Every structure is written in structure tokens, then in C-alpha cells.
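Asker: Given next are the chains, with one letter for each unit.
Number of protein chains: 2
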Amino acid sequence: MSLRPLLDFLLYDWLQAEKLAERPRYAEHSRETFDAVLDTCERIAREKYAPFNRLVDTEEPRFDGEKVILPAATLAASRAYAESGMLSAAQDYDEGGMQLPFTVEAAANAFFALASVSINSALLTKGNANLLLVHGSPVQKAVFARNEFNGRFSGTMCLSEPQAGSSLSDVATRAVPDGDGFEADPLGPRFRLTGNKMWISSGEHELNENIVHLVLAKIPGPDGKPIPGTRGISLFIVPKKLVDTEGRLTGERNDVALAGLNHKLGWRGTTNTLLNFGEGRYPVRGSAGAIGYLVGEPHEGLRCMFHMMNEARIAVGTSATMLGLAGYYAALDYAKNRPQGRPQGKAGKDAAAPQVRIIEHADVKRMLLAQKSYGEGALALELYCARLVDVQRTGGAQAAAEAGLLLEVLTPIAKSWPSEWCLEANSLAIQVHGGYGYTRDFPVEQYWRDNRLNMIHEGTHGIQAMDLLGRKVRMEEGRGLQLLGARLEQTIARAAAQPALADEAAALTDAWAQVLQATQAAWAGGEPERALANAVPYLQAFGHTVLAWIWLDVACSMPADGSAAAQGRLAAMRFFYRYELPRIGAWLAVVARCDSTCLDLPEEAF
Amino acid sequence: MSLRPLLDFLLYDWLQAEKLAERPRYAEHSRETFDAVLDTCERIAREKYAPFNRLVDTEEPRFDGEKVILPAATLAASRAYAESGMLSAAQDYDEGGMQLPFTVEAAANAFFALASVSINSALLTKGNANLLLVHGSPVQKAVFARNEFNGRFSGTMCLSEPQAGSSLSDVATRAVPDGDGFEADPLGPRFRLTGNKMWISSGEHELNENIVHLVLAKIPGPDGKPIPGTRGISLFIVPKKLVDTEGRLTGERNDVALAGLNHKLGWRGTTNTLLNFGEGRYPVRGSAGAIGYLVGEPHEGLRCMFHMMNEARIAVGTSATMLGLAGYYAALDYAKNRPQGRPQGKAGKDAAAPQVRIIEHADVKRMLLAQKSYGEGALALELYCARLVDVQRTGGAQAAAEAGLLLEVLTPIAKSWPSEWCLEANSLAIQVHGGYGYTRDFPVEQYWRDNRLNMIHEGTHGIQAMDLLGRKVRMEEGRGLQLLGARLEQTIARAAAQPALADEAAALTDAWAQVLQATQAAWAGGEPERALANAVPYLQAFGHTVLAWIWLDVACSMPADGSAAAQGRLAAMRFFYRYELPRIGAWLAVVARCDSTCLDLPEEAF
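Top to bottom, those sequences are chains A and B.
Its first residue numbered 1, the first sequence is counted upward by one per residue in the UniProt record's numbering.
Its first residue numbered 1, the second sequence is counted upward by one per residue in the UniProt record's numbering.
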């Protein structure tokens with residue numbers, strides 16, 4: 001099963017990605033150049049990623065006392081990715097980039113996530129460098145960002161701490177000015193950092209010359225104490241090895257020490273670490289603390305960090321999606337080849353008849369169609385959001401603003417929905433395999449384990465839900481919600497004009513009305529604690545409604561050519577409307593009445 | 001968190017288990033003797049099981065070329081269990097048993113599943129020996145069953161084959177008479193078996209003196225060919241080592257060879273094997289084939305094997321349930337101790353305020369209450385079914401027949417419902433732990449992996465669903481369904497009389513009507529293929545309705561003492577009615593209209 005026809009359909013038939021080349025920034029591009037990028041990524045993923053997906057699961061990163069040891073395949077995958085130019089694909093030509101639309105970049109990266117989601121966490125390096133391009137000084141861009149884009153350095157994002165995961169306002173890492181003249185360092189105002197950072201992906205390894213840590217820390221206020229809350233947070237570049245203004249290693253090791261590797265349920269190709277900053281293991285330049293260079297203004301750290309949040313969350317959603325599709329393709333292949341049992345009904349009663357392949361059983365078909373419906377729908381959503389990023393970057397002022405606002409509303413869904421439902425798809429893929437799916441001889445159990453991460457990192461399900469119901473649907477007096485509603489109406493109008501889609505158009509109209517009503521009812525009392533008590537069921541219902549809309553919009557673009565592919569997508573869309581969308585009633589009911597069964601229960605009663 | 005108060009409440013306050021001692025078979029028993037059994041099992045589970053649950057996960061069984069190597073803790077757990085007398089707890093006093101009610105046996109075994117579900121698969125040994133007690137000859141009982149009950153031998157169930165998992169009619173293992181006079185062997189008619197058996201738990205190990213395999217195989221018909229279908233299947237005892245009529249090992253190894261260990265996602269404390277019978281690796285007594293002794297009549301193998309099916313499925317459901325509760329207890333403990341973030345609302349806006357423990361967050365409460373609702377509800381269901389087994393065994397003729405019929409209808413739910421929803425509970429337990437839940441430093445990821453087996457073994461979800469909708473709700477013209485309906489009505493009447501439970505009584509009335517209507521609508525066309533196309537959504541809706549009934553019945557027995565425990569259970573019941581039961585509408589809709597979106601989709605469209 002190849003991903004390519006699905007990507008081609010979504011990119012070109014549905015999203016009309018080739019029209020992006022009409023925009024000045026992408027004027028050198030065409031469908032041909034987009035296809036060339038897709039071809040390259042598909043090939044590298046097939047050759048350097050897919051064959052090693054099980055290997056990176058069984059040969060987990062380990063620390064030998066000096067170095068973190070990774071399989072050779074990890075280095076090869078990481079190099080091949082860097083050499084493809086994908087690290088800097090979105091950058092300007094004069095920065096060495098391709099000025100590739102984000103839509104195409106996201107589509108191309110899907111091949112890697114499908115082949116081996118954890119072998120090469122290039123996402124963080126890109127996010128890190130992109131952030132520096134926006135908020136860093138010219139020297140910081142030249143020294144750090146450029147060397148991340150060319151693959152010499154890799155990057156991390158150091159936000160969480162052992163005692164502060166979802167709660168960044170409790171970051172305790174301190175940054176103090178590094179002596180007199182600290183402000184005059186050409187790499188940026190120089191500080192000394194002390195603290196611990198937890199869950200740092202790729203925090204320690206030997207894959208590149210250097211690691212550029214982007215670290216959130218607090219500069220003490222005039223009273224010497226850290227400023228409470230997120231306002232006190234600043235952002236620093238803390239290189240593992242110190243560099244000069246030309247980006248050359250000075251030979252000095254910075255005081256960033258590996259305190260431990262996290263041993264995970266899945267996603268084992270990516271090293272995950274606890275790092276100690278300034279613990280004194282690698283004393284540097286005669287003072288205590290790890291050397292860090294301020295990025296942007298003091299106390300603006302979170303704002304800088306969140307700049308890349310939408311894209312990072314779209315990337316997480318895409319990873320979850322591709323795991324879902326990877327499981328689907330494996331299950332489909334198995335179902336087409338595994339003989340077992342006989343169909344229900346008269347023909348099935350003949351025990352002497354040969355067994356049929358399990359794809360002929362209705363329940364196996366149901367499990368496969370559910371996976372297709374979740375996975376393909378989620379991919380469409382992710383690419384739709386990626387397209388919004390491009391409009392935000394290159395559209396006219398109003399279009400860009402609208403795209404930005406729509407992204408704010410859709411991003412929690414783009415991140416959370418595939419994390420939940422493509423995980424469910426992976427469970428169904430195991431189920432299709434029966435006992436074999438429970439063994440490590442088949443890939444599906446690993447997909448399921450890998451995918452379980454996605455509801456946790458980059459903001460848990462609960463955080464996404466509170467972001468959606470607490471902030472996104474209310475911001476600018478609900479204008480994001482109205483914009484989304486207008487998009488739904490456009491789709492509904494197109495669908496209603498086609499007799500074959502009229503039922504779904506009506507169902508979507510009704511579902512959206514339920515969502516709006518629940519949103520209003522939740523906030524009618526004006527009490528955040530009660531309004532948000534059922535934020536997760538709200539997120540689930542909102543997500544299902546968004547996916548129903550995406551599927552209907554896709555269906556409106558489907559060729560009426562009677563092809564098997566079109567028939568399959570139409571069935572996946574109908575499955576979603578018939579089996580999935582009706583679930584929203586149960587979720588929204590608790591939201592609308594601010595059900596407080598859980599909220600009110602005292603601790604001792606659990 | 002201790003399981004004991006919950007068990008005591010369900011056993012004594014709700015099911016009034018001490019009344020079982022009024023029955024002649026259990027007349028020597030009392031609450032005191034029941035409690036003594038529970039005490040012993042709780043202690044052994046705490047000392048010999050729980051400390052080694054992670055160990056048996058990391059030190060998976062391996063084959064050194066001669067022997068299967070297991071951790072020493074596995075042997076210790078297995079011996080402690082045998083020495084407790086629990087292997088023969090249900091047996092007659094003059095067989096060395098305790099004549100313990102199954103209800104109490106099931107409750108006592110819950111401690112082991114909670115502590116380490118896979119370290120000691122005593123279930124199969126018991127099932128094997130119980131089957132021989134019913135269907136074996138006096139010599140077979142004395143030689144094999146008795147030595148399984150006393151722990152000298154262990155037992156397996158060899159049904160599946162690599163090409164025949166769910167489809168037993170395709171069993172290809174052959175059994176041919178072992179020469180002249182084969183019928184006169186004192187251990188039973190002697191055959192030679194040739195074939196491969198897959199997914200055989202505890203198929204090879206050194207924990208006991210001998211392994212008693214119970215093997216399904218086909219005796220060729222007069223034409224020399226195996227009889228097609230399940231009618232051709234016979235049942236054989238195939239000991240790993242041959243024994244004499246006194247149960248002493250003769251020193252001869254039988255031709256049962258380990259062909260491979262299955263490497264699983266979880267449940268790794270239990271060895272799972274592919275066995276070759278009669279491949280010639282251990283030639284025995286000068287002819288080809290493994291020596292096996294017929295149990296019962298030829299061609300009656302499946303009937304014999306299915307005799308123990310209800311109890312085995314209740315045991316699987318109980319395992320799934322206890323994994324769900326194990327995750328809940330771990331998550332509850334974590335939530336009570338982990339500080340993170342601040343509550344929503346005005347009080348939460350003060351960033352300088354200390355962090356709260358996460359159990360104070362509404363969404364964490366929701367995730368905990370869901371786990372409690374799934375896990376405690378499932379345990380109640382399993383014990384209810386166990387109680388039916390006791391009535392079936394020791395009740396008057398009519399009561400026994402009714403209990404048997406109710407068990408037929410409820411067993412697919414008792415097996416499938418906890419497998420699905422206590423797995424979901426385990427996922428929520430991971431989510432409560434955040435990033436820590438994704439690491440192997442906390443137990444919850446293992447519970448989730450272990451629990452994923454339960455939707456697969458002992459009849460997959462799909463098989464349970466077809467059993468329920470295709471057979472159980474229709475057998476004896478729907479009398480099982482009517483009996484269940486009558487039980488629901490009794491509960492509804494009791495609940496309706498209490499103002500605090502009137503809403504739930506009405507909701508259950510409505511839900512049951514929906515189930516009945518969908519059952520009828522599914523079969524209205526009389527086409528099995530269409531009726532059963534949505535058997536799994538039917539199973540899900542039926543299961544949720546049964547659980548709602550169980551919870552309401554439990555609530556009717558709850559003391560109005562205002563205790564925290566009673567308050568918690570009432571909330572868990574209400575959670576189920578408010579958050580869970582409303583889901584059935586979406587599931588039943590596709591059943592009632594025989595939705596054929598999946599069934600009709602041709603293979604090439606996937």
C-alpha cells in the first residue's frame with residue numbers, strides 16, 4: 001500500500017497545492033518541483049527509515065558512562081535527512097533553503113513518520129532554528145540557526161522540569177548575568193543557568209558536532225527572587241559545546257550534563273533525557289552555571305517559544321496520523337492474505353469449503369474502514385492546517401489574519417484528534433491481526449506503543465481541551481469560531497447541492513449547531529471551573545465535528561469517476577457520518593449542563 | 001489502596017455471599033472461612049506476586065536450546081499458589097478440595113490478577129483438570145486431574161493452530177489409533193497425534209514434573225480423510241512425559257516439541273508457545289506421532305472443551321478488570337501526591353500560590369472516576385456471573401436452569417466488556433501520570449500492554465459479538481434475553497422506589513428498550529450476514545446497558561451511611577449513567593438499520 005496516491009489526491013485534487021506557486025514567495029515552484037521533493041522523501045524514508053523501525057525500538061538508546069549509544073541506522077537516517085535539504089526546506093533561497101510551501105513540507109515529512117516515527121527527531125532542530133530566525137540576533141541566526149539548518153548542529157527545546165511539566169509558570173531554572181559586561185557578548189547577553197530540565201528529546205547524543213539547547217529560565221527580579229508566573233520566563237541558547245562567532249567549536253564543554261535517560265513505552269528511536277544545567281560536572285570559564293545567551297527580550301521567553309507552537313502541534317498530529325495509517329496499511333495487507341473462517345450466512349455453513357481471507361468478514365471490514373476513516377481524515381485535516389500556515393505566511397492581510405485565527409481554533413484538534421483516534425486505529429490494527437498482532441513479529445504493536453505518546457507530549461489532551469474551550473473558541477469574541485462556522489457553511493452549501501451528499505450536509509449542520517449550543521451553555525454561568533470541567537468531552541465532540549466537516553469537504557472534491565479509490569473514500573466519509581458523528585451527543589450533553597459529577601467528588605470518595 | 005473493602009462490599013453487602021453457606025455443598029463454610037481464604041490469597045499475592053510483576057515483564061521466557069528459562073520468582077509464585085490449595089479450592093473434600101463456592105474462588109483469585117496477571121497461569125491447569133473431572137475416565141481423573149490439582153503437573157489447552165485461530169473447524173492435527181489393542185490402554189484409547197498447535201500458554205517450562213496437554217485433533221473418517229467442520233474434532237490427553245497408571249513418570253519423553261516461543265507485547269510472565277506434536281524430535285515407543293489418550297467419546301471434543309468455557313471467560317474478564325483496577329489504584333496514588341498547576345477560576349490566577357496536587361483538577365477527577373466506574377462496575381459483573389455459576393451448580397432445577405441461561409447471555413459481556421473498557425481505564429491511568437506514565441519507571445504502561453491481550457484470547461471481541469447477537473440472545477426463542485430483562489426490571493423497580501435513583505431507573509428502562517428494539521430490527525430481515533454486520537457495536541451497547549444495570553443494582557444495596565466509600569460508588573454509578581450510557585444510541589443505530597457501509601465495500605476500495 002503506497003501513501004502517494006492519497007497524498008497526491010489531497011494535495012492536488014483537494015487542496016490545489018499547485019496554486020501556491022502563484023504566490024510570489026513560491027513562484028519558482030510548480031507541481032513538478034513539489035513532486036520531486038515528495039519523490040526524494042519517499043525514497044529516503046523507504047531506504048533509510050522503514051527498514052530500521054523495529055531496530056530502533058529494540059536497541060533503545062543507552063549511556064555507556066561517556067556517550068549515548070544509538071544504532072548506526074539512526075546516524076544514517078539523520079544524515080540522509082539533512083542531506084536531502086529538508087531541514088531548511090522552508091527557508092529563503094539566500095539562506096540555502098528551497099522556499100518550499102509548508103503544505104508540501106508537511107506532506108513530504110509524512111513519509112518519514114510513516115516509515116519510522118522516532119528514528120530522527122528533526123522536528124525539534126527545525127523548530128529551534130525557525131524560532132531563532134524570528135527572535136534571534138543576526139549573529140545568533142548565523143552561528144546557531146544556520147548550522148542547524150545545514151545539519152552540523154542539532155537542536156532541543158528545554159521547557160519542562162521534573163516538577164513543572166504542563167505548568168510552565170513553575171519553571172525553576174535560574175539565569176543570572178555572567179559578570180560585568182555580560183551584555184556585550186557578541187552571541188547575545190550572557191547568563192549563567194542552573195536547573196534541571198525533564199523530557200528533553202535528543203538532549204544528548206553524538207549525531208552532530210553540537211547540540212543547541214533552547215532553554216526557558218527565570219531571571220531573578222530586583223528582589224533576587226524569580227518572578228512568579230509565566231511572565232518571569234526568558235529564553236536562552238545554551239550550546240552543549242561553546243562556539244565562537246563563526247560557529248566554530250572553541251573546545252570548551254558547557255556545563256550541561258546528562259542526568260538520566262528516560263526509558264519509554266515506545267518512540268524509542270528518539271533519546272529522551274533529564275539534563276542538569278550548571279550542576280558543576282563540566283565547570284566552564286571559572287564560574288558556576290551553564291553559559292547561556294539571551295534570545296530576544298528578557299521575560300518574553302514564552303512568547304518566543306510559543307511562536308512555533310502551531311507548527312509543532314501540526315507535526316505531532318501528523319505523526320499520530322501516520323502511525324494510524326501505517327497500522328491500517330499493515331492490517332489491510334494482513335487481511336487480504338490471511339485465510340480464516342467462513343462468511344456468515346448460508347454459504348458459510350459448508351465446513352468443507354475452503355477458508356476465506358479475513359477481509360471477507362464484515363467485522364474485519366468494519367475495523368479496516370474505521371482505520372481508513374480515522375487515518376485519511378486526519379491526514380486531510382493536517383494538510384488543511386498546513387495550507388492555513390501558508391496562507392498566514394503569504395496571503396493578503398485579511399486572508400492571513402483569518403488563516404491565523406482559524407489555525408488557533410483548529411490546532412488543538414489537529415494535535416489531539418489523531419492522537420486519540422489514530423491510536424484507536426492502531427488498536428484495531430492489532431485486533432485485525434488477532435494473536436499475531438499481539439506479537440513483536442508484526443509491526444502493529446509498536447505503532448500502538450509509539451502512538452500512545454501523542455496524547456501526552458506537546459500539551460496533553462487536557463491542556464488542548466482547556467486551550468480550546470477556555471481560550472480559542474472565545475478569543476476575539478468568538479471570531480475564530482465564527483470563521484470556522486463560515487467554512488463549514490461553505491462546505492455544507494456545496495454538499496447540499498449534490499443529492500449524494502445531502503444527508504451528510506444536514507447531519508453536519510445539526511452537529512455544528514449542537515457544538516455552538518454546548519459552547520454557549522458551558523459558559524452561560526460564567527464560571528471557568530464549571531465551564532471547563534468537561535473540556536475533554538468538548539474537545540472530542542468538537543474534533544469529531546471538525547473531522548466530519550473535513551471529510552465532507554474532501555467528498556465534495558472527489559472525482560465522480562467510479563474508481564475504487566473514490567468509492568473507498570466515499571465509504572470512509574459515510575462511515576464517519578454513520579458510525580462516528582452520532583457520538584457527539586453523549587459528549588456534548590455533559591458539557592452543556594456543566595455536569596459536575598466528577599468536579600464535585602471529594603478526594604476521599606475515590 | 002486496598003482491594004479488600006471493595007470485595008467485601010460486593011461479596012457480602014451486595015451479593016450476600018455468606019448465604020451460599022446455607023446450601024448443602026457449602027454447609028461447612030461461613031463468612032469466617034471465606035475471609036480466611038481471602039486473607040491467604042491477599043497475603044500470597046502481596047508477597048509472591050506483586051513484587052515481581054515488572055521482573056516477569058523484563059525477563060521474558062527464553063529457550064536455551066534445552067529448557068525454557070523463567071525467573072525464579074515465577075517458580076516461587078507458582079508453588080505458593082499450589083500450596084495455598086487454590087488449585088483445587090472448588091473440588092470435593094474427598095478429592096482434597098475445599099468445596100469453596102466459585103463466587104469466593106473468583107474473588108480470591110482477583111488478588112493475584114491485581115498483583116501480577118501473568119506470573120502464574122494457574123487458570124489453565126485448573127480448567128484442564130476440571131474438564132477431566134467431568135469428561136475423563138476414573139483412571140484419567142486419578143492420574144492426570146488429581147496431579148494437576150495438587151500441583152505436581154500443570155495443564156494446557158491446545159486448541160488453536162497456526163492456520164486455525166478462531167476457526168476451530170479447520171483444526172488439522174490428526175489422531176490415528178496407535179496399533180492393535182489401542183483401545184485397551186488403561187489411560188484411555190491410545191492414539192498417535194501429528195500436527196502444530198499455536199498460542200499454547202505454558203506449553204513448555206520446568207515449573208512442574210510434567211505438563212498435561214489437552215489437545216483437539218481429528219480422527220480420520222472411514223475414507224481416511226478428516227471429517228470437515230467441528231464435528232470431526234476429538235479431545236486427547238497428551239502428556240509431555242509418559243506416566244503409568246499410578247501417575248509416576250515412566251522416564252519416556254513424549255513427542256511434543258517446542259517449535260518456538262511467542263514474543264508478546266505484554267503478559268510476558270506466561271510462556272506462550274508453538275508446539276509440534278509428532279514431528280519426530282522425541283521418537284517414542286517405536287512409532288511416529290505423539291502418544292495421546294482419548295477423553296470422552298470420539299468427535300465430542302469441542303463439546304467437552306466448551307464445557308469450561310463460561311468459567312474461563314469469566315476468568316479472562318476478571319483479569320482484565322483487575323488490570324483496570326491496578327491502573328486506577330496507581331493513578332489515584334499518583335494524583336494524590338503529584339503537585340502540578342493550579343485550579344481553574346479566580347483562585348487559580350495567583351501564580352505565586354503553591355501548586356496543587358493534580359487530583360484537585362477537574363479533568364484528572366474525570367479520568368479517575370471513569371477508571372473507578374469501569375473497574376468497580378466490571379468487578380461487580382464478574383462476581384455476579386460467578387454467583388450464577390454457583391446457582392447453576394447448587395441451585396434447584398429451575399433456578400439452576402435459569403442461572404445457566406443467564407450465564408449464556410452474560411458471558412460474552414463478562415469477557416468482552418472489561419477487555420475493552422478496563423483497557424481504556426489503563427490508558428487513562430497513563431494519561432493521569434503524564435510523561436511519567438509513558439516511562440517504564442511506573443507500572444501503568446505495563447498494565448496497558450498486558451490488558452491488550454484480553455480482547456484477543458479466549459475468543460476475540462468479534463467472536464464474542466457474533467456469539468451474543470447470533471446465538472445467545474436468540475437461543476430458546478430469546479428466553480435468555482427475557483430472563484435478563486426480568487432481572488433488569490427487578491432492579492428498576494427497586495431503584496424507582498428510591499427518589500435518589502429514579503432518574504437512573506428511567507434511563508435503564510429506556511436503554512433496555514433500545515437494546516430489545518435493535519435486536520429485533522437486526523434480525524427482522526432474517527439475513528445473518530446483514531444482521532451480524534454490526535455485531536460489535538451491538539456487543540458494546542449491550543455491554544454498556546448490562547453495566548448500567550449492574551451499577552444500579554449495586555447502588556440499591558449501598559448503605560445510606562454517608563460514608564466516603566458509599567459516596568464514591570454512588571458517583572461512579574452516576575458517572576456511568578451520565579457519561580457512558582448515552583453512548584449506546586450511536587452504537588445501536590447502525591445495528592437497527594443493518595448498516596452495510598462496511599459490509600458492502602469491495603476489497604479493492606480499501
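Derived by calculation from the structure, the hints in this document are not laboratory data.
Values in this document were obtained by computation on a predicted structure and should not be read as measured data.
Treat the hints with care, since some could be wrong.
Given that identical chains are not distinguished, each listed pair holds provided it fits within a single copy or across any two copies.
To be verified - In silico lysine to aspartate or glutamate, EDC-like type, Cα no more than 16 angstroms apart, as pairs:
#1 336 with 603
#2 67 with 92
#3 141 with 94
#4 67 with 209
#5 67 with 39
#6 336 with 604
#7 225 with 209
#8 336 with 360
#9 241 with 209
#10 67 with 178
#11 241 with 252
#12 19 with 595
#13 67 with 420
#14 19 with 180
#15 19 with 42
#16 67 with 441
Asker: Evaluate residue 225 and residue 209 at a C-alpha cut-off of 16 angstroms and name the case that applies: within, between, both or neither.
Answerer: So residue 225 and residue 209 fail the 16 angstroms test inside a copy (36 angstroms) and across (69 angstroms) alike.
Asker: How would you label the pair residue 19, residue 42 (within, between, both, or neither) given a Cα cut-off of 16 angstroms?
Answerer: The answer is neither: 23 angstroms in one copy and 68 angstroms across copies each exceed 16 angstroms.
Asker: If the cut is 16 angstroms between Cα atoms, do residue 67 and residue 178 qualify within a copy, between copies, both or neither?
Answerer: Intra 29 angstroms, inter 63 angstroms, cutoff 16 angstroms: neither.
Asker: Can you tell me if residue 67 and residue 441 fall within 16 angstroms by alpha carbon in one copy, between copies, both or neither?
Answerer: Answer is neither: 31 angstroms inside a copy and 22 angstroms across each miss the 16 angstroms cutoff.
Asker: Is it within, between, both or neither when you check residue 67 against residue 420 at 16 angstroms Cα-Cα?
Answerer: Cα proximity of residue 67 and residue 420: none, with 35 angstroms in one copy and 42 angstroms across.
Asker: Have a look at residue 336 and residue 604 and pick one of within, between, both or neither, based on CA distance no larger than 16 angstroms.
Answerer: This pair counts as between: shortest inter-copy Cα distance 10 angstroms, intra-copy 52 angstroms.
Asker: Which holds for residue 67 with residue 92 at a C-alpha limit of 16 angstroms: within a copy, between copies, both or neither?
Answerer: Answer is neither; intra-copy 36 angstroms and inter-copy 63 angstroms both fail.
Asker: Tell me, please, which holds for residue 19 and residue 595 at an alpha-carbon limit of 16 angstroms: within, between, both or neither?
Answerer: Neither: 47 angstroms inside a copy, 40 angstroms across copies.
Asker: Is it within a copy, between copies, both, or neither that the alpha carbon of residue 67 lies no farther than 16 angstroms from that of residue 39?
Answerer: Neither: 35 angstroms inside a chain and 50 angstroms across chains, both beyond 16 angstroms.
Asker: One pair to classify: residue 67 and residue 209, alpha carbons no more than 16 angstroms apart. Within, between, both, or neither?
Answerer: within (13 angstroms within a copy, 48 angstroms between copies)
Asker: Are the CA atoms of residue 336 and residue 603 at most 16 angstroms apart within a copy, between copies, both, or neither?
Answerer: Close across copies (8 angstroms), not inside one copy (51 angstroms); limit 16 angstroms.
Asker: Up to 16 angstroms between alpha-carbons, please classify residue 141 paired with residue 94: within, between, both or neither.
Answerer: For residue 141 and residue 94, only the intra-copy Cα distance (13 angstroms) is at most 16 angstroms; the inter-copy one is 85 angstroms.
In this structure, the hints that do not hold are numbers 2, 5, 7, 10, 12, 13, 14, 15 and 16, in rising order.
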